[in-house]
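One line per chain: the protein sequences are X and W, in this order.
Under this note's numbering, the letters of the first sequence match residues 1 to 453, in that order.
Under this note's numbering, the letters of the second sequence match residues 1 to 129, in that order.
Hint data in this document are derived by calculation from the structure and do not stem from the laboratory.
Careful, some of the hints might be misleading.
As the list claims (entries may be wrong) - If you want a taste of the chain W side facing chain X, the calculated C-beta under 7 angstroms gives, among others:
hint : residue
1    : Leu13
2    : Arg17
3    : Gly19
4    : Gly51
5    : Ala55
6    : Ala58
7    : Gly60
Unchecked claim - For each label pair, taking beta carbons as the anchor points, the in silico distance ranges come out as:
hint : chain 1 : residue 1 : chain 2 : residue 2 : range
8    : X       : Gly223    : W       : Ile99     : 40 to 48 angstroms
9    : W       : Glu4      : X       : Gly377    : 56 to 64 angstroms
10   : W       : Asp43     : X       : Gly377    : 54 to 62 angstroms
11   : X       : Ala100    : W       : Ala115    : 57 to 65 angstroms
From the three backbone atoms N, C-alpha and C, an ideal C-beta is built for every residue, glycine too.
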Amino acid sequence: MTRRFDKVLIANRGEIALRILRACRLLDLETVVVHSEADRAAGYVGLADQAVCIGPPPAARSYLNPAALLLAAEATGAQAIHPGYGFLSEDAAFAERVEACGLTFIGPSAASIRTMGDKIAAKRAMQAAGVPCVPGSEGALPDDAAAVGRIAATVGYPVMIKAAGGGGGRGMRVVRFASELADALAITRAEARRAFANPDLYLEKFLERPRHVEIQVLCDAHGTELWLGDRDCSLQRRNQKVVEEAPAPGIDRDLIARIGERCAEACRQLGYRGVGTFEFLYEDGAFFFIEMNTRLQVEHTVTEMTGGLDIVQKQIEVALGEKLALTQADVTLSGHAIECRINAEDPVSFAPSAGRITRWDLPGGPGVRVDSHITCGDVVSPHYDSLIAKLVVHGADRRDALERARAALSEMKVEGISTNIPLHRDILQDDAFRAGGVTIHHLEERLAQGRAR
Amino acid sequence: MKVEELRQVMRWLEEARIGVFEIESDDCRVRIVQGNPTSVTIDDGEDRSDGVIVAAEAPGTFLVQHPQHTGPIVPIGGLVRAGDVVALIQIGSIYAPVIASTDGTLAKILTVPQALVGFGTPLFEIAYQ
């Protein structure tokens with residue numbers, strides 16, 4: 001049987017490029033790695049069947065350049081493009097161009113990406129599927145500030161004004177009192193027009209002490225929509241996740257199963273295909289949808305560790321048009337997994353740390369996994385994201401996973417650049433984190449206390 | 001900057017574990033990239049070389065002759081003028097021209113014809129006349 005594609009172009013870099021390359025190898029697919037001039041010497045580039053330089057170091061002229069990626073696919077005969085995460089992974093126009101060239105975009109349809117990229121459309125789709133959402137405005141806000149004031153009063157202060165085209169913590173503003181509403185609306189609308197080319201705003205109840213809990217889904221094109229598990233990603237700094245774990249501690253498993261089923265139902269109604277993540281805020285025993293990520297996520301690893309599935313491999317199989325040989329009953333969870341994002345940055349100031357790595361000792365032992373593209377002697381480039389490794393541990397239960405994470409971090413030694421390993425060691429000593437269930441503000445509050453001392 | 005000063009800067013960079021260093025003044029630019037070996041690029045506006053390198057601007061297959069012609073577009077040692085097409089990059093059914101950036105003679109081919117090249121791959125050396 002001929003497959004839809006047998007050569008995949010990996011349109012990304014770093015650890016995720018290597019992760020995708022590994023999944024392709026397991027499926028006997030040829031790989032093309034594209035890279036910028038800055039990544040020419042990277043180890044994973046040499047592992048690919050073919051490697052092509054597509055541009056100079058700035059991402060806008062390499063990894064974010066659709067024309068360069070499509071030319072590279074044409075020149076190498078790749079028939080599919082895997083976008084990874086970040087860069088062009090949630091760019092509906094790029095997905096469309098890939099398909100228009102007769103290639104397979106390894107991800108959902110451009111229409112799905114577009115719907116989920118518009119937060120108002122996404123929320124409407126979720127409400128239709130019975131996914132619980134944060135109470136707020138019905139659709140886009142009117143221009144009239146007095147009318148918005150009435151909506152805000154009904155929802156109840158504090159409220160959050162959000163840009164329909166925003167996401168990932170950008171384009172949002174908290175309003176605590178009615179007197180602040182008009183100014184907040186004007187500023188957010190101006191920002192939205194500038195940053196997202198979409199002036200539409202919506203309004204939601206602002207939750208004071210929520211946790212970030214998300215549901216991983218996997219869907220094929222033959223009517224199978226599965227939810228693979230939940231993750232707690234509440235430990236964040238400036239909306240960037242630092243530590244993730246699966247499952248989310250201390251939440252009723254029946255409640256999570258009901259939410260997971262609603263997510264699978266939403267995928268069914270949307271005709272969603274591929275992997276995706278439904279992000280929720282969780283507060284006082286209730287879930288509230290915030291956004292859907294229509295791509296593979298950095299923290300897919302903790303779900304792999306607890307569910308035993310290779311999510312990237314499944315994602316590619318679905319893109320090949322294969323039918324998932326799984327039912328929801330086959331999806332079981334075992335033990336507990338924790339991921340620490342190891343970044344090349346100062347552990348106190350968080351300034352990015354570029355330079356040459358002179359020591360790179362990785363931990364090992366049962367239940368320890370390190371996803372990284374780095375080898376000793378590599379130079380960390382200042383041009384890209386500072387993520388250099390993901391340390392993932394799996395234990396029989398949460399306590400076991402915490403101990404394995406602590407032991408693994410004590411083994412990990414990196415020299416030549418600064419990393420946030422000391423921050424992770426601190427987090428693992430933190431009583432509130434060890435108890436489980438901290439809010440999305442916990443890490444920043446803890447860091448602020450540390451600075452005050 | 002004197003060579004001895006440059007050596008001192010390199011020692012400091014090594015000690016401070018700084019991977020990439022670039023300093024620019026009105027008339028000079030120095031770039032040091034730590035590695036094995038460490039590379040030092042100095043650009044003071046003066047051209048001391050005997051020619052220029054023509055590099056690929058897009059990924060594709062490097063061709064020195066048009067598929068419907070016999071013989072190369074420009075033979076080794078042949079004269080070229082700035083703007084002349086000296087080779088082709090084939091990307092599927094597209095043949096993108098490789099353009100000479102200066103007048104001179106085609107001194108050397110730096111990549112095997114028919115090879116897959118990427119952005120920045122050196123293709124030719126054009127020697128000044």
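Failing hints, ascending? Hints 1, 4, 5, 8, 9, 10 and 11 not satisfied by this model.
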